[in-house]
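Visitor: Residue numbers (our numbering), protein chains in the order written: chain W, 2 to 470; chain F, -12 to 439.
Don't take every hint at face value.
What the hints assert, rightly or not - Calculated pairs, DSBU-like style, for lysine-lysine (alpha carbon to alpha carbon, straight line, at most 35 Å):
(1) F:237 to F:299
(2) F:292 to W:131
(3) F:299 to F:373
(4) F:299 to W:131
Said to hold, decoys possible - Footprint (simulated), chain F over chain W, 3 or more residues, beta carbon under 8 Å:
(5) 33 to 47
(6) 225 to 238
(7) 381 to 395
(8) 446 to 453
Don't read these hints as lab results, they were simulated from the structure.
A virtual CB, placed ideally from N, CA and C, is assigned to each residue, including glycine.
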Amino acid sequence: VAAALGAGASYADARVVVRRSQVVGSRNGRVERLDDHETEGIGVRVLVGGAWGFACDRRLDEGGAEAAASKAVAFAQAAPGGHSRELAALEPARGEFRTLVERDPFSVSVAEKVELCLRAEQALANADVKVTSASVRAQHEHKVFVSSEGASVEQELVECGGGIDALAARDGVTQIRSYPSAHGGSSAQAGWEYVEGLGLEREAPRVGEQAAALLRADPCPSGVTTIVIDAEQMELQVHESVGHPTELDRVYGTEAAYAGTSFLKPGDLGSLRYGSEHMNITADSTTPGGLGTFAFDDEGVPASREPVVREGILSGFLTSRETAARIGSGAGGSMRADSWSRMPLVRMTNLHLEPGEGSLEELIAGVDEGLFLQTNKSWSIDDKRLNFQFGTQVAWEIRGGTLGRMLRDATYTGQTPVFWGSLDGVAGAEEWRLHGLTNCGKGQPGQHAHVSHGTSPARFRNVQVGFKS
Amino acid sequence: VSALELAERVLQAADGDEALALVQTERSGMARFAGSEVHQPTLIENEVVELQVARDGRVGIASGNRTDDEGLRELASRAREAADSAPANDDFPGLTPPSTPPAVDAFDEQAASLGPDDQARLAAAAIDASDLDLYGFFTSGVTGIAVAATTGLSVSQELTDVAVLTLAAVEGASGYAEQTGWRAADVDPAGAAREAVDKAGRTRGAAELEPGSYAAVLEAPAFAELLAYFSYDAFGALGVIEERSYSFDKLGRQVFDERFSLADDALDPRGLPKAFDFEGEPKQRVRLVEEGVLTGVVWDRASAKRAGDGHKTTGHAPPSSIRHWGPLPFALSVAGGEADSPEQLAEAVGDGIYVTRLHYLSVVDPREGIVTGMTRDGTFRIRGGKVADPLVNLRFTVSVPQLLAEMPGLTREPVLVNQNAYYDERYPTGLLSPAIATARFDVTGTGSTPGI
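Modelling step: build the complete structure from the supplied sequences, incorporating the hints.
Guide: Put into structure tokens, the structure is as follows:
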């Protein structure tokens, strides 16, 4: 920071990050992944004449820090455009934060992790299951943030997760079932106790049986119907159709070239009807166990719990200090960087659908004819986050308020505010679960974010399922 | 210190174990812009070392970016712990033996010499050429890759890559163009910006379209994206072995239009050439589709060992972090056709839709090759053989094999389409694709209008 100021920066911050991540995975009874990756370095972000600059260096010494600072200033000075930026006012951040961990995942031997994967995989076995796989992951990140405004923050974040998959194939049909979610399982900011609590081995027989049973299930028919979406698929629904559109950098267009923009406009705040009165969304970087939980974000803004949608009305955006100053509301708090070698971007932290009332069974009981959808299989949404289409691994027919036969190849599609407007029930707190995903992509160069969503099962009326054509 | 010298130092840290070392180095700059100003400029320098240790068929991998002696000793210790914890793997193919990789030229002094000032200047060239707000980036980088093993393997390569992406956009209108290559001269930022502006100007007043099956022309960026999503699953050996990919029961069969031929060819100088894969195996050109007949898939050492039956690696091992996906075709190349331009393909189509670019694809059914996604930044109706009125962004859900089954034409000259989103370590990849015409493109919904 001192070097950047000396080179002409009006503002500078620096993040030192040391991260270790480990993945152990098995497939068809063989260990296929034993990766143990460490990375460390310093990233320096500067403002020069209103222009941002960012550079990084893997050397954690004075030479590396000064080189990153001087390059960041030089790049900012060269940046074309008519730059003018302010940052929302902020008390300099000072403090420490450490994830509460009962069992350090890096104190668990690799051999124990391998054993867990192989046991869970064995329990997936079924005559029609061609591919079984299991994986567990752990991450430890130690980071220090300082800024020219006097911020000084040290944080140690620990994550763990795991998942299993069974892929069945027969007569030209393939089907997959996963637990606790698709695409690598689920993670939390916690110790190894989280992985032990997932019960991968316990759930595996059901997962294997359902994958095989899907081979004989009828395809899901097309039509407009009522759907009840399980909590885990609701995680992705919230992520894609509420989380990303409410990122204020997208609203202002700065992600237009890659991830896209948003159907929301700055002036929609406080007035736009996003969904029905049952829709309450909260951004909460204080949630215990959340992958987006911290004491301070990557520009030193303290963690907070903020409404994003209240009773269906857009009530807040996810912001940085820059975008908060631009819209004149809030102070930021959602800036996160993938590593020391990337600039922080506006990212989701933990974004929750607040629970409603009643049980999943009660939601289903309120459906005369419809579908219960579980576990993501495919996902796609347009660049303004309006038109989406999701596929799920399994669907269950609902008739007369009770679950019936299993169906395969289910998809549902909609337009974001119309879809959320059709929400007529969210199950209660006893059904609310926190799900953590580690593959949220954004930015150029690309960055992965780890985010969590707390959701309960929810019911939507008049939804297009299957393909219209 | 060169990447290869560093790889040899990593091997020494293995201290007598059978081992393979991979080194990736990066020096890059990206001037990312939005609203015609650079808003996220990023300079990266990094060296990542990876050590694979094999002890009696038990294999462990560790990686990191500390390259001092202590860092390498600690790296070796983690790799050994992983190997000691793994059960023996009967499918372990052994470490890569020594070989002489094919000679490829993928390093351009001019591209390598581009520094932050140049990257900012070339971003400015794009911005200045646009009379609409411009979004996108200019980037250039130098990537070093080296693989060394206790078997005597010792290979290395230095690559350059340069790319510009331009999105000209205002409320209700947007157009897109991109260029990529390994030479600085391959990329004209101002030219890309002008193309994007021209396209954007024709997207105002976009109309909706009824879902249904339409004939279509897909420009190279659109077809490349769709083909990549299909091919990563369809043309890798692991999907065939595990009976889950489209190709499982179709090798040797005529499944596509005879105008369609596809290879994976990392040696093609028109692409982003590579001499060897992430195991250090020499890259080979693999014919995947010959005049509509599905002729092959790509292999790495593990999949070839597992399949047996005389299969050998074709040099398609991906990075270890995604090796569980199996071998991947990172250098797809579609044979050109007869048409001079996408507009000539529109004449062949007569009535249909014209697609510039796709967004957010997802594989709905890998066995059937069904992919969904959206069009964006330049979708038009084709009427009377002409590219006509603009359309809103369309949701499509297509069977790629059906789309490839009837292709009225392809443009003559494939262009290189960037496939790198610059996550993790830089590794330039691109797909050589012409524009294509297809008799069947299934539109299943409508989305947002073009523009910001």
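Visitor: Work down the list of hints and note, for each, if the structure agrees.
Guide: Right, here's what the structure says about each hint:
1. F:237 to F:299: Given that 35 Å is the threshold and the Cα spacing comes to 20 Å, the pair holds.
2. F:292 to W:131: holds, 18 Å
3. F:299 to F:373: Given that 35 Å is the threshold and the Cα spacing comes to 48 Å, the pair is violated.
4. F:299 to W:131: holds, 23 Å
5. 33 to 47: holds (count 10)
6. 225 to 238: violated (count 0)
7. 381 to 395: Coverage by chain F holds for the region 381 to 395 of chain W (9 residues, Cβ < 8 Å).
8. 446 to 453: Contact hint for the region 446 to 453 of chain W vs chain F: holds, 4 residues under 8 Å.
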